[in-house]
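Visitor: Protein chains in written order, with the working numbering: chain A, 40 to 302; chain B, 49 to 309.
Keep in mind that the hints were calculated from the coordinates and are not lab data.
Honestly, I wouldn't trust all of these hints.
[Claimed, not checked] Chain B stretches covered by chain A per the calculated footprint, using a threshold of three residues with CB under 8 Å from any CB of chain A: (1) 194-203; (2) 210-218.
[As the list claims (entries may be wrong)] A few chain A positions that, by computed beta-carbon distances, are all more than 10 Å from chain B: (3) D47; (4) H89; (5) P112; (6) E153; (7) R167; (8) E201; (9) D216.
Note that the coordinates shown come from a computational prediction; the quantities given were computed from them, not determined experimentally.
Just so it is clear, CB atoms sit at the ideal spot from N, CA and C, and this is done for glycine as well.
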Amino acid sequence: MTDYLLIDGLEKRFTSHGRAAFKDITFSVRQGEFVALIGPSGCGKSTLLHIMAGLSEPTAGSVKLDGTAIDGPRSEMMFVFQQYTKSIFPWKTVIKNVLLGVKYQSAASRESLEKLCLEHLELVGLGRYPHYYPYQLSGGMQQRVAIARALTRRPKLLLMDEPFSALDAMMRVELQDLLLKLWADLGLTVVFVTHDLDEALYVAQRVIMLSASPGTIAENVEVPFAYPRRQIETRSEPAYLKLRERLYRNMVEQVMAGRAETP
Amino acid sequence: MNPKLQTILRESRMTGVILIMLLLLAWQLSAMYLFTSPTWPTVTRIFEAWFENIVDGTLARHLLATLWRQMLGYGLAVVVGIALGLAMGYYRVLYNLFEPLVEVLRPIPGPAYLPVLVLFVGIGHEMKVVLILVASLFPILLNTYSGVRSIDPVQFDTARTLGLTTLQTFRELVIPAASPQILTGMRISLAISLILAVLGEMIVSNDGLGYFVLLAQRTFKVPDMYAGIFTLALFGYVLNRLFLLIEGRLVRWHHESSGRN
Numbered sequence: 040m041t042d043y044l045l046i047d048g049l050e051k052r053f054t055s056h057g058r059a060a061f062k063d064i065t066f067s068v069r070q071g072e073f074v075a076l077i078g079p080s081g082c083g084k085s086t087l088l089h090i091m092a093g094l095s096e097p098t099a100g101s102v103k104l105d106g107t108a109i110d111g112p113r114s115e116m117m118f119v120f121q122q123y124t125k126s127i128f129p130w131k132t133v134i135k136n137v138l139l140g141v142k143y144q145s146a147a148s149r150e151s152l153e154k155l156c157l158e159h160l161e162l163v164g165l166g167r168y169p170h171y172y173p174y175q176l177s178g179g180m181q182q183r184v185a186i187a188r189a190l191t192r193r194p195k196l197l198l199m200d201e202p203f204s205a206l207d208a209m210m211r212v213e214l215q216d217l218l219l220k221l222w223a224d225l226g227l228t229v230v231f232v233t234h235d236l237d238e239a240l241y242v243a244q245r246v247i248m249l250s251a252s253p254g255t256i257a258e259n260v261e262v263p264f265a266y267p268r269r270q271i272e273t274r275s276e277p278a279y280l281k282l283r284e285r286l287y288r289n290m291v292e293q294v295m296a297g298r299a300e301t302p
Numbered sequence: 049m050n051p052k053l054q055t056i057l058r059e060s061r062m063t064g065v066i067l068i069m070l071l072l073l074a075w076q077l078s079a080m081y082l083f084t085s086p087t088w089p090t091v092t093r094i095f096e097a098w099f100e101n102i103v104d105g106t107l108a109r110h111l112l113a114t115l116w117r118q119m120l121g122y123g124l125a126v127v128v129g130i131a132l133g134l135a136m137g138y139y140r141v142l143y144n145l146f147e148p149l150v151e152v153l154r155p156i157p158g159p160a161y162l163p164v165l166v167l168f169v170g171i172g173h174e175m176k177v178v179l180i181l182v183a184s185l186f187p188i189l190l191n192t193y194s195g196v197r198s199i200d201p202v203q204f205d206t207a208r209t210l211g212l213t214t215l216q217t218f219r220e221l222v223i224p225a226a227s228p229q230i231l232t233g234m235r236i237s238l239a240i241s242l243i244l245a246v247l248g249e250m251i252v253s254n255d256g257l258g259y260f261v262l263l264a265q266r267t268f269k270v271p272d273m274y275a276g277i278f279t280l281a282l283f284g285y286v287l288n289r290l291f292l293l294i295e296g297r298l299v300r301w302h303h304e305s306s307g308r309n
């Protein structure tokens with residue numbers, strides 16, 4: 040199978056202190072695949088995702104999407120930020136936030152665009168809230184708006200930066216299942232950054248674990264559970280628990296190694 | 049204490065209004081019985097003078113003259129302040145270029161520009177407009193660029209991933225995000241513009257409320273002088289109220305979102 044997204048020898052050094060956030064990052068993502076990127080805080084996983092999105096420049100290496108190098112944001116990939124209170128503009132209603140994703144990109148009439156946005160709001164379960172302001176919605180609902188806005192662009196690749204980490208546990212579970220459903224229905228490719236191992240194992244087909252800084256790839260493992268996954272059953276399968284234990288051990292080692300290095 | 053009275057004291061501004069009434073009453077009584085002097089006329093005499101000047105159109109003429117030059121200077125300050133502030137806030141190069149200059153000019157009190165302006169612009173209408181413009185510019189300028197500079201990077205990243213051009217980013221993100229702070233600057237400058245308008249009129253003018261008040265004092269029409277000051281108080285109050293009303297509508301999202309988080 041051909042590689043859809045190719046990350047080749049990526050390195051990011053911070054200009055201020057010259058220290059590398061990560062180096063020698065090489066992996067690829069197949070079309071339609073769901074990959075989770077996980078690692079201890081400070082390993083640069085979020086920076087890595089920003090570079091993949093074209094929002095930041097690497098100091099070495101390259102990212103290729105569908106054969107061409109990424110040098111800026113592209114319309115076939117959409118980004119979902121952790122800080123939904125910022126990413127969703129508080130001065131716009133829900134529908135206007137979603138419209139912002141398409142109104143400058145499409146020559147279609149305002150009515151048909153609004154219809155398109157409304158369809159996507161229904162897809163994320165917000166069909167009844169188009170004229171609400173973000174401050175009238177819960178955190179989970181606000182992040183749904185961000186997902187709807189991303190999907191209205193009909194992206195092929197969804198880059199998600201800890202999208203659910205600011206939500207409470209109940210909401211997170213709900214949105215994980217919603218995301219898996221959308222992924223299956225729409226044939227998306229997803230790269231999902233999280234610091235939560237359980238979340239990574241539950242949603243992804245493959246988990247890539249970065250080591251503590253400077254980050255390198257510590258693990259790149261398939262998660263062999265069939266979809267649709269179930270919150271209780273999947274998380275209590277013996278194979279799941281075994282994989283979780285192994286990765287968890289590795290993660291603790293990474294964190295400890297990271298601690299030892301910091302003066 | 050009576051709980052009902054307590055609620056009124058806490059919830060209603062009625063007590064503040066009553067205090068004003070009481071102060072006016074004290075004024076009235078003191079002018080009648082305590083200091084019977086032409087410099088301290090009774091409140092009723094002032095209201096009489098006020099009424100006369102309203103009826104014969106004198107106050108309206110002077111009020112309009114003040115409003116006109118104030119709005120001209122203020123309007124120009126709004127346009128220049130917001131345009132320059134947006135550019136300085138967005139483009140780092142422009143910020144680095146102009147910010148030290150702004151910091152140097154900003155502490156100069158508005159009236160200090162007056163002698164310079166008289167030399168360059170003369171003593172006419174233009175001088176007063178420019179004086180108002182210069183003094184009201186800085187609060188708007190400062191608030192605009194600091195509003196733009198405090199926009200979260202995530203919001204700019206969002207605009208980039210959505211493929212917005214610079215112009216679209218200004219329209220959809222920069223201006224609305226900075227609008228609460230821009231409006232704060234505009235409100236501060238509104239008060240400043242009235243002060244400078246009245247000051248300019250007191251220095252050299254033949255119309256406007258500042259001129260009216262000073263002329264009344266010089267011609268010993270003391271009740272007229274107080275009537276002019278009352279007019280200024282009322283005028284300033286109405287302007288601020290109107291501004292708050294419009295501001296509340298424009299940035300309701302801001303008050304609501306910051307109230308909850």
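Visitor: Report holds if the minimum CB distance from E153(A) to chain B is greater than 10 Å, and violated otherwise.
Guide: At roughly 17 Å from the nearest Cβ of chain B, E153(A) sits farther out than 10 Å, so the non-interface label holds.
Visitor: Has the region 210-218 of chain B got at least three residues whose CB is nearer than 8 Å to a CB belonging to chain A?
Guide: With 5 residues in contact (Cβ-Cβ under 8 Å with chain A), the coverage given for the region 210-218 of chain B holds.
Visitor: Take the region 194-203 of chain B, compare each residue's beta carbon with every beta carbon of chain A, and decide whether three or more fall closer than 8 Å.
Guide: That given contact holds, which follows from 3 residues of the region 194-203 of chain B lying within Cβ reach (below 8 Å) of chain A.
Visitor: Looking at H89(A) again, its CB stays over 10 Å from all of chain B?
Guide: Non-interface label on H89(A) violated, nearest chain B Cβ at 8 Å vs cutoff 10 Å.
Visitor: Compute the least Cβ-Cβ separation between P112(A) and chain B, then decide whether it is above 10 Å.
Guide: 5 Å, violated
Visitor: Please check whether the beta-carbon of E201(A) is more than 10 Å away from every beta-carbon in chain B.
Guide: 12 Å, holds
Visitor: Is the Cβ of R167(A) farther than 10 Å from every Cβ of chain B?
Guide: R167(A) clear of chain B: closest Cβ-Cβ about 20 Å, beyond 10 Å.
Visitor: Run the C-beta distances from D47(A) to all of chain B and say if the shortest one exceeds 10 Å.
Guide: 22 Å, holds
Visitor: Find the nearest Cβ of chain B to the Cβ of D216(A) and say whether that gap is larger than 10 Å.
Guide: Answer for D216(A): holds, closest chain B Cβ roughly 25 Å.
Violated hints for the displayed structure, listed by number in ascending order: 4, 5.
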